[in-house]
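**Student:** These are the residues of each chain, in order.
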Amino acid sequence: MKTKTFSPGDKVALQTKSKLWKGYALESHDSEVILLKLESGYNIGIREGEILNAKVLEKAKPKDKKEVVLEKNPKLRNVVVIITGGTISSRLDYKSGGVIPTDAEDILNIAPEIKNVCNVTKIDTPFMKFSEDMSPSDWKKLAETCEPYLNDKSVDGIIITHGTDTLHYTAAALSFFIQNLNKPIALTYSQRSIDRASTDAALNLICSARYAISDIAEIALVGHKNSDDKICVAMPATKVRKLHTSRRDAFKIVNDTPIAEITSQELKILKTFNARSNNKPKLDTKFQDKVTLIKIHPGQDPSIIEYYEQQGYNGLIIETTGLGQVPGKFSSTNWIPKIKKAIQKGITVCATAQTIYGRLNPNVYSSGRELKKTGIIFLEDMLSETALIKLGWVLGHKNWNSKEKMSEKASNS
Amino acid sequence: MEHDYKKDGLKIGLEIHQQLNTNKLFCDCPSLLRNDEPDYTVERILNPVVGETGEIDVAAAHEKMKNKTFIYHVYDTNCLVELDESPPGEINVDALKIVLQIAELFHCNTFPVTQVMRKTVVDGTNTSGFQRTVLIAHDGYVETPEGKVGIETIALEEDSARKVSEDEKTKTFKLDRLGIPLVEITTKPEIYSPKQCKEVAMKIGEILRACNVKRGIGTIRQDVNVSIKGSKRVEIKGFQDPKMMIKTIDIEISRQKECLKNNECKNEVRGALPDGTSVFQRPMPGAARMYPETDVPLLKISRELINEAKNNLPKLASEHRSYLDEFGLNEELVKLILKQNKVEDFKTLNHVIESPELIAKSLTLFQMEIAKKEKKSLAEVSEILNVHLLEAILEEVGKKISKNDVRTVMQKIVQGETLDKAIEKSDINLKEEVEKFVKENPGLSQGAYMGLVMGKFRGKVSGKEVADVLKEVI
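Residue numbers (this note's numbering), protein chains in the order written: chain A, 1 to 413; chain S, 1001 to 1474.
Mixed in with the good hints, there may be bad ones.
[What the hints assert, rightly or not] Dumping the calculated EDC-like pairs for lysine to aspartate or glutamate here, alpha-carbon to alpha-carbon at most 16 Å:
id: 1; chain 1: S; residue 1: 1232; chain 2: S; residue 2: 1264
id: 2; chain 1: S; residue 1: 1339; chain 2: S; residue 2: 1206
id: 3; chain 1: S; residue 1: 1300; chain 2: A; residue 2: 50
id: 4; chain 1: S; residue 1: 1119; chain 2: A; residue 2: 32
id: 5; chain 1: A; residue 1: 140; chain 2: A; residue 2: 289
id: 6; chain 1: S; residue 1: 1068; chain 2: A; residue 2: 113
id: 7; chain 1: A; residue 1: 22; chain 2: S; residue 2: 1139
id: 8; chain 1: S; residue 1: 1171; chain 2: A; residue 2: 228
id: 9; chain 1: S; residue 1: 1214; chain 2: S; residue 2: 1094
id: 10; chain 1: S; residue 1: 1188; chain 2: A; residue 2: 39
id: 11; chain 1: S; residue 1: 1011; chain 2: S; residue 2: 1223
id: 12; chain 1: S; residue 1: 1300; chain 2: A; residue 2: 32
id: 13; chain 1: S; residue 1: 1068; chain 2: A; residue 2: 228
id: 14; chain 1: S; residue 1: 1247; chain 2: S; residue 2: 1199
id: 15; chain 1: A; residue 1: 11; chain 2: A; residue 2: 58
id: 16; chain 1: A; residue 1: 22; chain 2: A; residue 2: 39
id: 17; chain 1: A; residue 1: 22; chain 2: A; residue 2: 58
id: 18; chain 1: S; residue 1: 1315; chain 2: S; residue 2: 1104
id: 19; chain 1: A; residue 1: 290; chain 2: A; residue 2: 306
id: 20; chain 1: A; residue 1: 225; chain 2: S; residue 2: 1043
id: 21; chain 1: A; residue 1: 230; chain 2: S; residue 2: 1043
id: 22; chain 1: A; residue 1: 141; chain 2: A; residue 2: 124
id: 23; chain 1: S; residue 1: 1431; chain 2: S; residue 2: 1468
id: 24; chain 1: S; residue 1: 1011; chain 2: S; residue 2: 1152
id: 25; chain 1: A; residue 1: 19; chain 2: S; residue 2: 1139
id: 26; chain 1: S; residue 1: 1315; chain 2: S; residue 2: 1344
id: 27; chain 1: A; residue 1: 22; chain 2: S; residue 2: 1152
id: 28; chain 1: A; residue 1: 11; chain 2: A; residue 2: 27
id: 29; chain 1: A; residue 1: 122; chain 2: A; residue 2: 152
id: 30; chain 1: S; residue 1: 1471; chain 2: S; residue 2: 1424
id: 31; chain 1: A; residue 1: 252; chain 2: A; residue 2: 381
id: 32; chain 1: S; residue 1: 1068; chain 2: S; residue 2: 1168
id: 33; chain 1: A; residue 1: 280; chain 2: A; residue 2: 144
id: 34; chain 1: S; residue 1: 1436; chain 2: S; residue 2: 1472
id: 35; chain 1: A; residue 1: 19; chain 2: S; residue 2: 1199
id: 36; chain 1: S; residue 1: 1300; chain 2: A; residue 2: 48
id: 37; chain 1: S; residue 1: 1229; chain 2: S; residue 2: 1250
id: 38; chain 1: A; residue 1: 17; chain 2: S; residue 2: 1139
id: 39; chain 1: S; residue 1: 1300; chain 2: A; residue 2: 30
Read the hints as simulated data drawn from the structure, not as lab findings.
Let the hints inform the model, and build the full structure from the sequences given.
**Tutor:** Right under this line is the structure:
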């Protein structure tokens, strides 16, 4: 075929040597293959070189954007939904075959039952990103997006939908950025895309709505408790981690317990919580980007620390082995001197546990005691990802004593 | 119930689904049906989804109205793919190769590039809410006594989960069958009588059975599409037995005539009942239910793969028959070999020993007799007496054992003895021994020789064996 005369979405007739094919042209990621949706619904590929003649039968019509009418039931509480991207807010465009962001209408279509739980009064889209592409500036933007709704008395709670990969980083960041929280914020996700009937988004959204209208003024990650579409848990935002690549219950609480268990019918509170109030929330989004996370492994070269020094980093989280060890003086790669030097130069160095579960205790082994002498800050049972965010946030405040602040048992870490 | 099919404008199309004899289509789990207790269960819901037309598919919405909770029985032969907890792996190449052979046997053109699709199914038979299906070939034909019938498409798809039970609120399934590869053969609506329909189904079945497909009840399922002039296409699902087709189609024609009278013809899916009638299942699903499986890459079927399939085409039963006929075997044995799908085994053993009848009996009759005697299933006996073991036994004929010993050796092995031991015990060269007796005691009657031989080898040889050898020697 000399030149392509049709675009995705067009109804076309393609003549090949053996047959005349009719169907809708689709977007194809393979430049040599024309994808065609047949009348039966099946898609087939035709190599471009095999097409003798192509005719457009009907040009694609631009989709009418339906205006979404958000109904309001005066008896129900009001919730704002903030969409940021990820599997939960992307779907396949059937006409073109490409993946497109969902619109507000789709989100409500996934879980129509949400209408019986709350009024979704607004759907806000500050940005659309896969979570692996997010950065600290996106966390700030998200906190800033929440602020007016937190201050708006007519809004009772917020649901944020987000990609799963780095959702736990965002959850921790919001926990530090939004101080004095006065109403519930539920972060939720899906592991199965919303264009399939088995999507986990439906239950996650309904349970998030139940959380958003509750009296729990805390940030929680709301998602499947296990593989069943039955119960969700509200997980403390700084104590949660993605621990599975694909399961519905990918997020697990680490070193803590759930705030609440939620079904589509009810929310059961499981521990003491910070109650809904008329507090005025305060945004504190100062953040120092020059912080990073180093995972210790056997034989690892400690000069990586010098690299970060040279690059101007002033905060390091070292994910230590076991109860809080790094390769010491009996190792061919002794980390102790380099850590000591970095701390002397004014870099804040903290230790977390690479075991994920459990609490550090540097007093048990001599190598832990050696490490302690360097002045490293042991972060007890804090998750490495939470520690990283907290360190960036603490160092963002020039006049704060970072050692004191990091050691402080903040209620939200 | 006399219909003039021509006047009625009867059009029938067949859809035949046959399980392939491989692991599952999108994971490495074995295609093993389980009748024991599950390891654990999961509970799921399915939500209405918006199809590509922007509307919820009618068939899908119909199921949602039932608002059921689905419970799945999970076994250690299942993985996260069947549980809808992990994206699918790449398509099973073994299954693909079998379908390419099937496509060749039906004279179809293979698609060089095709895409795995998700067909929305929300009755709970698929944990994902869809069935994965991919078109492999198109525009072939099958020959029948009444002429060629076009094959519209050949698709490769996943089998559904098996239903265990259902009550008002829940439907329970096992995950064992979910994901077993199925080939779907769809004919063009070029069948014009119920009798022809049955013939086409039988012919397609025969071709499929020549390939590496699963055998037995439930491994093949037939759906029939029926319409008459003025009515709408109705799909009747779930024939286990093509014999019921004629009656069922005749009854459906009458039903459609009735619909026409009342002007209430609808596209619908009906379930075949054992008495030939059918019952409404759901509205006919639209094209809205198909969308691409974005988790697997476009399927490119190479020339090499197609050629490999072409060069390794299995023989049809009719070709096998003419092969077997050359050996002068009796009709019963030929039928047994064909029925039990043992032609390949026969060929293998034919290289070991030049005794077609003994080979045929070892593969079929002997095993059936032993199964009966030992009160075991034929499948169990066949599993023990596999072709490799039979090869080893037959290699000993003329060495440690005689032809007459083969059955006894086989039986002893089924009883649990080792091959060495089984051969040792029948370490009697009966012919040599009989010749010795005859030489040493010339001129006696057959009965007398019989008594002498039996006296010496009591319990080790059967009377029939001795009689046979005596006949030969005297």
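**Student:** Work down the list of hints and note, for each, if the structure agrees.
**Tutor:** Hints, verified against the model:
no. : hint              : verdict
1   : S/1232 <-> S/1264 : holds, 10 Å
2   : S/1339 <-> S/1206 : holds, 11 Å
3   : S/1300 <-> A/50   : holds, 15 Å
4   : S/1119 <-> A/32   : violated, 26 Å
5   : A/140 <-> A/289   : holds, 12 Å
6   : S/1068 <-> A/113  : holds, 15 Å
7   : A/22 <-> S/1139   : holds, 15 Å
8   : S/1171 <-> A/228  : holds, 14 Å
9   : S/1214 <-> S/1094 : holds, 14 Å
10  : S/1188 <-> A/39   : holds, 15 Å
11  : S/1011 <-> S/1223 : holds, 14 Å
12  : S/1300 <-> A/32   : holds, 12 Å
13  : S/1068 <-> A/228  : holds, 14 Å
14  : S/1247 <-> S/1199 : holds, 14 Å
15  : A/11 <-> A/58     : holds, 5 Å
16  : A/22 <-> A/39     : holds, 8 Å
17  : A/22 <-> A/58     : holds, 11 Å
18  : S/1315 <-> S/1104 : holds, 12 Å
19  : A/290 <-> A/306   : holds, 14 Å
20  : A/225 <-> S/1043  : holds, 12 Å
21  : A/230 <-> S/1043  : holds, 7 Å
22  : A/141 <-> A/124   : holds, 12 Å
23  : S/1431 <-> S/1468 : holds, 10 Å
24  : S/1011 <-> S/1152 : holds, 14 Å
25  : A/19 <-> S/1139   : holds, 10 Å
26  : S/1315 <-> S/1344 : holds, 10 Å
27  : A/22 <-> S/1152   : holds, 15 Å
28  : A/11 <-> A/27     : holds, 13 Å
29  : A/122 <-> A/152   : holds, 12 Å
30  : S/1471 <-> S/1424 : violated, 25 Å
31  : A/252 <-> A/381   : holds, 15 Å
32  : S/1068 <-> S/1168 : holds, 8 Å
33  : A/280 <-> A/144   : holds, 14 Å
34  : S/1436 <-> S/1472 : holds, 14 Å
35  : A/19 <-> S/1199   : violated, 29 Å
36  : S/1300 <-> A/48   : holds, 14 Å
37  : S/1229 <-> S/1250 : holds, 15 Å
38  : A/17 <-> S/1139   : holds, 14 Å
39  : S/1300 <-> A/30   : holds, 11 Å
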